[in-house]
Structure formats: C-alpha cells, structure tokens
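> Below are the chains, spelled out letter by letter.
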Amino acid sequence: MNNGVTNILVAGVGGQGVILASDIMADTFLEAGHDIKKSEVHGMAQRGGTVSSHVRFGKKVYSPIIKMGEVQYLCMMEKMETLRWLNYCNKSTVILMDDIEVNPPMVNLGEMEYPQDIEEILKNNFKNFHIIPATAIAAEVGTDRAANVVLTGVLSTFLDINEELWLKSLLARLPERLHDLNKKAFLAGRKALLDF
Amino acid sequence: MLFASSYPGTPSSEILETIAQYKEIKAEWAPNEKDAFMAAMGAMLAGARAMASMKHVGVNVAADPFLTVTYTGVNGGFVLVTADDPELHSSQNEQDNRHYAKFAKVPMLEPSDSQEAKDFTIKAFEISEAFDTPVMLRTVTRISHSKSPVDLDERAVPDRPVDFVNDRSKYVMLPAYARQRHKVIEERLIKLKVFAETFEGNKVEMKEGSVGIITGGISYQYAKEIFPNASFLKLGMSWPLPEKMIKEFIEKVDKVYVIEELDPFWEENIKAMGFSIDVGKNMVPLCGELSPTILAEIFDPSYQVPEPVYARPIPPRPPNLCAGCPHRAVLYVLKKNKLYVHGDIGCYTLGALPPLQAMNSSFSMGSSIGVCEGASQVLDKDGQSKMVCVIGDSTFLHSGITPLLNMAFNKANATVIILDNWITAMTGAQEHPGTGYTVMGEETTAVDYAELAKALGVAPTNIRKVNPYNIEEFDKVVKEETSKQGTSVIITVDAPCVLLRRSIKAYNEPLYVDEGACTGCRHCLELGCPAILWDVSKAGEYKTKDGKVKKRKGASRIEARLCNGCGLCYQVCQFGAIKGIKAGVPFGFPLNKKKALS
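Line by line, the protein sequences give chains Y and P.
Mapping of the first sequence onto the working numbering: residues 1407 to 1602, in sequence order.
Mapping of the second sequence onto the working numbering: residues 15 to 612, in sequence order.
The hints are simulated quantities; they were obtained by calculation from the structure and are not laboratory data.
Watch out, some of these pointers could steer you wrong.
The calculated lysine-lysine pairs, modelled on DSBU-like cross-linking and capped at a C-alpha distance of 35 Å, are [unchecked claim]:
1) Y:Lys1574 - P:Lys40
2) Y:Lys1533 - Y:Lys1485
3) Y:Lys1485 - P:Lys567
4) P:Lys40 - Y:Lys1589
If we strip away everything but chain Y, and leave its shape as in the complex, we get:
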C-alpha cells in the first residue's frame, strides 16, 4: 500500500503536544532505518487553533504531506478535531482518539453545538476505531500533559518497531526530570488497548 510508505497523521489543539508526539515518531522511524518526512502546520496554533502533523516513513518518501484518503493511522488528541481529518482516512484507517473535549470559541459562545455524535459516526464508518482516555491515563501516571506520550505509546503497538527504540527517542526529546513520568506514560499507552 502507498508504495511501501506508512502514513500517520497526528492532530489536536495548540498546546496539547501534537508536534512533540510527531517528532518522537519521526525520530523512532529514522532510528529504525527508514526514510522519513514530517510536516506540520502550527503557524498561529499556540493561540488555541488546530495543529496537525504528517509523519511518513518507508523506503523512500517524497511528499511530506499525505494524500487525502491515505492515512493509515490517525492519532487524535481531541475528539471534535477528528472530524476535520476524516477525509484523509479510508475504511481501514486505524483511528486512535483521546476522549477529551476542548470547546472552540463558537461553542463557548453558545452559537454552535459541540458535536454529540462523534463516537457513533466513527464506530459506524471505521472498523479500526479506538477511543483511548489518553488524558485520563496520563493524569493517573502523574500529569494530564503527557496525553501525547500515552497516545504515542498506543500507536507504537501497531508498528513493528521495538520498545527500546521508542523509549530512546522519547527520552532524547525530554529533559531528564521528566524521563520517569514520560516513560510511565508511554508504557501505560502500550497497555491501554489491552485494558479497554
């Protein structure tokens, strides 16, 4: 599929750690001997906007962005944002979604409703859809800010790359005082789908 290139899209809201998660993924794939490309859009995202990052790996990767319909793994840090990226998916896309909701301005103002049927739509249309309470799992480990690392842990169980490589690139991206916590978050992510 896709000329041997694996396509991962990570997305969420500014401040959730989308970019860091995608950096860890890209580092790991590179370390595992693949060609990689990674592209992100975060221009004004620090102000609470949408953030997305495309990660692609394989023997030879040309485009840094994924063609619509060809995402194999969609890693979503926020529920409603998932809806924006469904055009990039196909019937067999593995969708991993945190169940946290972050209200956009129109919802805060009461002018639009936060969509209530997200899980139903995803269940009906995608056979590989998984809800992971990544933020809750991260909070249990010590901080809800590590939800991105939990979700990375979940993704890692779908890919044939050993745990040590993942941990190596994870820890290399973080200051030492956060190593223990993030290692726990990652390992909790690796177990998450077994537990639910």
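Using the hints provided, position chain P relative to the given structure of chain Y.
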C-alpha cells in the same frame, strides 16, 4: 558563515533561532528585515560570509538595499533566505518571491527537502563568491516546517581575510559607477546561465513514460508521488534557467508539464524561450499551495477524494487570544467606545474576529500608524476622535517609528496605542530592541517608548502610560486622548505576553461564576476569552441570593483549567457574578519587572 541577521516571521523564525546555537556565528535579531539585510551586507563587505533570513513579505522591506547590492556584488559570500508562505498559513499575502531573483538579476536556489536545504546553503555561498553576487535561497512553508534526514559534514569556513577591499567604483553606487556596474551584472547573469547548465542541483531523471515534468522545490516531491513513470527535470536553481538543458529535455519527451506552486514563473520564462508547454497553469491552480491530493485530483483519473463521512458543519477553531492576554482588554475598550481601529501585524490582529471584532484595517508592518496619519488629515474633528491605531511593541520598532514621526511632524490629530507585551509574541517569543535581551541571551539596552515618542515630537502631555487590565482607567485615558488636539500616544504598561514566563511571577487563582448571581446577560462572553463558556443547562428559572425567582436562557461558566485570573471578566460583569478576585491587588499578574532601562 560568520554572521546572520533576521527579523522573526513565520515560517522563517527558526532559521536564526537555530543559528544562534552555534557560538562561532554572530547571530542577531534586527529591528526589521531591512536592518537585518543591511547588517548582513556590512558583514559581507568586511569579508565575512553572511546571511539575512526573513519571510517573503520581509524581502519587500529589504528590497531597497537588495536591488542595489546586486550591482556592487560581494566581498564575503552573501545569502538572502526568503521563506515564502503559499496558502497564507500565517501571512497577509502569498507573493511568489521567485520574481525577486529575476528582478534583482541574482541566482536563486530552491531546496526540495531538509538535506538540500543544508547542501544548497553551502552551494549558495560558493556561487556568491564565485560569481560576485548575492544569492537567494527560497523555501516554502512545507520545506521550512518539514523534517527529513540530513547528513552533516564538518564545519568549513573559507580561508579568506575578514577585512575590507578598498574599491570605490565597486562599492560606492554613484550614478557614474552604478552605470558601469549595471553592465557587469548583465554579464554576470550570462555567466550564471552557463553555470546553471552544469549546476548539480538541476537534475534530469529519464523514465519510459511519455510525460516530461519540469518542476522543482516542494512541487517536485508532490509530482514524484503522482507521476511515478514520468521523466523529470528538477530545477534546484529557480533562476536563471538552464536553457540548453530544458531544450534537450523537451526534445526527449512527448508531452511537457510544468508543475509549480503559485505563479507561472518557470512556465512564462520557458515559453519566452520559444518552447510550447502542454500542461501548466491551464490545469495547475494559481492560488494556494499544491499537494499530492490536488495533483491527484487533476491528473490521476483513478483517484477520488473520499466522500465526507461527517456532513454537518464542524465548529471552526480559529486561533484566539490566550486567556489572560493583555490585548483583549485593549480591544474590548476600543470596541465599547465604537472606535474605528487601524490594526497592524501581530496577535492583536486576531481581535478582528468575533466576538471582539475590534479591528477595521490591517495591511503590513507599521501600516496602522501610517494610514491613521493620512486618514486623520482628511477627516473632520468628529471623525478624528472616533479613530485610533494599535500596534505591538515589536511591530512599532520594526516599522512604526517613522510613521509616528510623520504624525507629529504633520500635526496629525490621531491616537496611537502601543501594545507593549515585552516580546515578539506571535512568532513564538523572540527578543527585540525593547526587551532588553539579544538572541544570544545577553542583556542589552531596552527602548523607552515614552522617551522615544517625545523625541519624535509628540507633546509630553499627550504621552500616557496605562495598565490595560484596569478597564476603567484604560477607558478613561482612551476617551481623553481621542478628544485631544495633536498626536497622542498611549503605551500599555505592566502587561507582558501571558505566555512570557520569565516576566510573570505567577498566575492568579482561577475566577468562578456565582450561579445565583449570573443573569445570563452574556456580557462576559463578548470578551472572547477561551476560559469563559456558555452553559445552556443553566437555562430557566433560578433563585438569586436574596431568594427572588428570575428567568435566564443560560449562564456563564469559567473553565478553571484555562483561567489564570486576569480579572477582565470580573470588571465587565455588571451583576457581581464573577468571584475569586483578591482584594487590594492591581488587575493583571504579579511581575518580574524588566531590567532597568538604560
């Protein structure tokens, strides 16, 4: 390279931030792109390899010295990086800066991935020194904000003296000298055309298919994905074009496609050579960035964009001013006073969006003050008093000083509000001449905006400093200054960017809504604070503190996780329903003050 200068702007800011980590290179943030460009020119003139990097619109600011340094040529190697932003991810236009290379008669290299970004930068310096020319290196957002593997080499600095070469006829652009230099650069361009034929960044990849694609930069990567069987002429040098190479390539293929983002730059120039092209902008979009999806939709009959799974509108998530942002207070007061607001480039431009909608014009860096001056000269007194301009500290220092000088000089009846948040915020917190620090983290002088305004000719009585978090006080000052004669300057104080952790000692405790007191008037929601939301589950009858039964359509709620207690909503609520403010403490945050002004 020994010297690099820049002004931050997406997607170019990371270039200088990365260079600053190399201690052997002198890196600087300049007040604006022209200053960055001139500083790099100076370093080049003194014999060092130098780089100026900026976003595409920054090249407009630097264009004046650029269009002349192309005449003089260089001493040390000189590279101008232009980081273009097709699709306007974070810009006010999507101009195609390849035109600048042709305009300035300089070579332009265009990498298509991270490895080439590194390799072409080295090439650019070599070409600069070999051909005595400034060289442009162009990236687009999808190159700037992409990552791919890079093989590194040892750092190499050319063995050349850092010293001036005394050559007046080359470096003093008097008309008599410049006329001679013009001839020299036309000859240089001919030599560069010959060089382009053998430049290793221009590559031919022949395949069996009938289609031949001329492309380069990021478009090459997209096209490779969509046309696996086509032959390619990949242009690593966007200007000047290798005419012979193009001719030979076109002769070998049945159909010629030119695939390029934005303007038909290569297409027009290849057509001008006398070649005909089968596919160009007749099929490839002119506006916005390209993508594998867009190319597949046009060229791959088997490809279809998936049908939308979710048909209803998804609530948009535009960037918003942060909870606790000092700009929110200013924009709220301006809207309340029904003022016509000339905005500028920065986070506060987001104030144009609902619910604040407190901005009526915004063009380019410094334009707020510039256009406000002219407008004030044609409006009557009433019109003048209903207009202000707002500009951030970094933008003011970039391009606001001379328009303010113009205001004072021409006695404009106008009010300028400088939003001093102590940093270049929108691009991710870069230092500028008002922050007191350099890009290397060294302490330095910090501009005093009030003294500067005075020196530019603004009357001291018309220069006001005010804490914007105090709405009543800020409102009073705005009313006073907009009704005054002459040019007024209001400077916000004690209001650093809420994300600037070095300046904010601590955030305040989150505020909360007293459910029995909230009437559901929605006034606090007009602030557009991400921490305040409308809760319809509180609709219907409710009991006030004194036991009365009243009706409401909903109530406001404060998300404690997002609130940092700036106190704006507390001041806006007319019913005392927002609680949690510490008595006797000024609105805003406890601060680590800036170092003493020098």
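> Within a Cα-Cα threshold of 35 Å, do Lys1574 (chain Y) and Lys40 (chain P) meet the stated pairing?
holds, 33 Å
> Given the proposed pairing of Lys1533 (chain Y) with Lys1485 (chain Y), does the C-alpha separation stay at or below 35 Å?
holds, 17 Å
> Take the C-alpha atoms of Lys1485 (chain Y) and Lys567 (chain P), compute the straight-line distance between them, and say whether it is at most 35 Å.
holds, 27 Å
> Do the alpha carbons of Lys40 (chain P) and Lys1589 (chain Y) lie within 35 Å of each other, as the hint requires?
violated, 38 Å
Checked against the numbered hints given earlier, this structure breaks only hint 4.
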